[in-house]
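Going by this note's numbering, the sequence shown opens with residue 4, and the numbers climb by one from there.
Hint data in this document are derived by calculation from the structure and do not stem from the laboratory.
Lysine-lysine pairs mimicking BS3-like chemistry, simulated, CA-CA at most 27 angstroms apart:
| id | residue 1 | residue 2 |
| --- | --- | --- |
| 1 | Lys40 | Lys108 |
| 2 | Lys28 | Lys75 |
| 3 | Lys82 | Lys98 |
| 4 | Lys108 | Lys39 |
| 5 | Lys28 | Lys283 |
| 6 | Lys39 | Lys28 |
| 7 | Lys82 | Lys26 |
| 8 | Lys109 | Lys40 |
| 9 | Lys28 | Lys82 |
| 10 | Lys82 | Lys100 |
| 11 | Lys100 | Lys75 |
| 12 | Lys109 | Lys39 |
| 13 | Lys40 | Lys26 |
| 14 | Lys274 | Lys309 |
| 15 | Lys82 | Lys283 |
| 16 | Lys283 | Lys26 |
| 17 | Lys26 | Lys75 |
| 18 | Lys108 | Lys98 |
| 19 | Lys274 | Lys207 |
| 20 | Lys26 | Lys39 |
| 21 | Lys75 | Lys108 |
| 22 | Lys109 | Lys75 |
| 23 | Lys28 | Lys40 |
| 24 | Lys109 | Lys283 |
| 25 | Lys109 | Lys82 |
| 26 | Lys82 | Lys108 |
| 27 | Lys283 | Lys108 |
| 28 | Lys15 | Lys39 |
| 29 | Lys108 | Lys28 |
| 30 | Lys309 | Lys283 |
| 31 | Lys98 | Lys75 |
In this text the structure is predicted, and so the values were computed from the model without any measurement.
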Amino acid sequence: MNIREMNVNGQKIIPSLELSMEKGKVLGIQTNVQRKKILLAQFAERGDAYLSFAEQGEYTRLTVEELLRFMKSVSGHDKPVRSMLQLFQLGDYHKVKIADLPSSKKIYLSLLRVYYAQQPIIILEEPYFQLEEPDQLAFARLLEELSEEKQILILTANLEDALISCDEVYRLDEAGLHLLDIADADGELEGPHETSEAEFKIQKIPTKKNDKTILFNPPEIDYIESINSSAVVHVAGETYTCALTLAELEDRLQHYGFFRCHRSYIVNLQKVRELITWTKNSYSLRLTTGKDSVVPLSRTKLAELKELLNI
Numbered sequence: 004m005n006i007r008e009m010n011v012n013g014q015k016i017i018p019s020l021e022l023s024m025e026k027g028k029v030l031g032i033q034t035n036v037q038r039k040k041i042l043l044a045q046f047a048e049r050g051d052a053y054l055s056f057a058e059q060g061e062y063t064r065l066t067v068e069e070l071l072r073f074m075k076s077v078s079g080h081d082k083p084v085r086s087m088l089q090l091f092q093l094g095d096y097h098k099v100k101i102a103d104l105p106s107s108k109k110i111y112l113s114l115l116r117v118y119y120a121q122q123p124i125i126i127l128e129e130p131y132f133q134l135e136e137p138d139q140l141a142f143a144r145l146l147e148e149l150s151e152e153k154q155i156l157i158l159t160a161n162l163e164d165a166l167i168s169c170d171e172v173y174r175l176d177e178a179g180l181h182l183l184d185i186a187d188a189d190g191e192l193e194g195p196h197e198t199s200e201a202e203f204k205i206q207k208i209p210t211k212k213n214d215k216t217i218l219f220n221p222p223e224i225d226y227i228e229s230i231n232s233s234a235v236v237h238v239a240g241e242t243y244t245c246a247l248t249l250a251e252l253e254d255r256l257q258h259y260g261f262f263r264c265h266r267s268y269i270v271n272l273q274k275v276r277e278l279i280t281w282t283k284n285s286y287s288l289r290l291t292t293g294k295d296s297v298v299p300l301s302r303t304k305l306a307e308l309k310e311l312l313n314i
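Using the sequences and the hints given, assemble the complete structure.
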């Protein structure tokens, strides 16, 4: 897929790019709102792509079942509406008017248009942003199925949302596309795994923010992620940069209840509230922090985590 160079007021916003897409793999691009809108405008010119925009409306006077019948008739889809209601997990809502649905269900229903799209490429803008978790889960599983027949691209400003469904995620800036290291590792993750007997010692994690050095006690930290090879420490909804590598941080924090849940993430297990299963190969951890935080869990680390937590 070709992306044209775009300049605004003499400043390069997007360089000329080539994005390789294929069936069986959901791609994500994480970028700011300006670049996202530029990409959507370019993709809208393609005849082989179906675009799902954020906050697109529906026919509110119809019931859920009536809307699905309408989409079936327009698209020529051959599956019975009753079976689609079950697939979409909307059986309890089939007689409910769209105007009377909860907000999340309205958005979820609008997203289901991608299932009926005839174009080989599906492009979605912020599909998970305003969905409640059950609808996020249902749509993630639907995209997984749909990706076997379609090429799917998600555009989002939120990396955590991209991680729900995407097999590969790119960060887009003025320099181009940067592939983020989110893939599961088939072998062992880098860093130490043999733990020696815990010794009592004072441990502080040095971070930087606004040119100030800030030291955190391990229990204060919610989680740590790697962004463009730099460690970012999350504490009470705020982010701080750290000069240490994830492997070094894992070594320092191994006796304080921290767990390398993903190649790019270390999480404080004392802050974990819930294990989320999005699809058969996609997992996340929800944290008990001041803001709703979800971090990815590698499928290769699932068994180890369950053993640690005795679940």
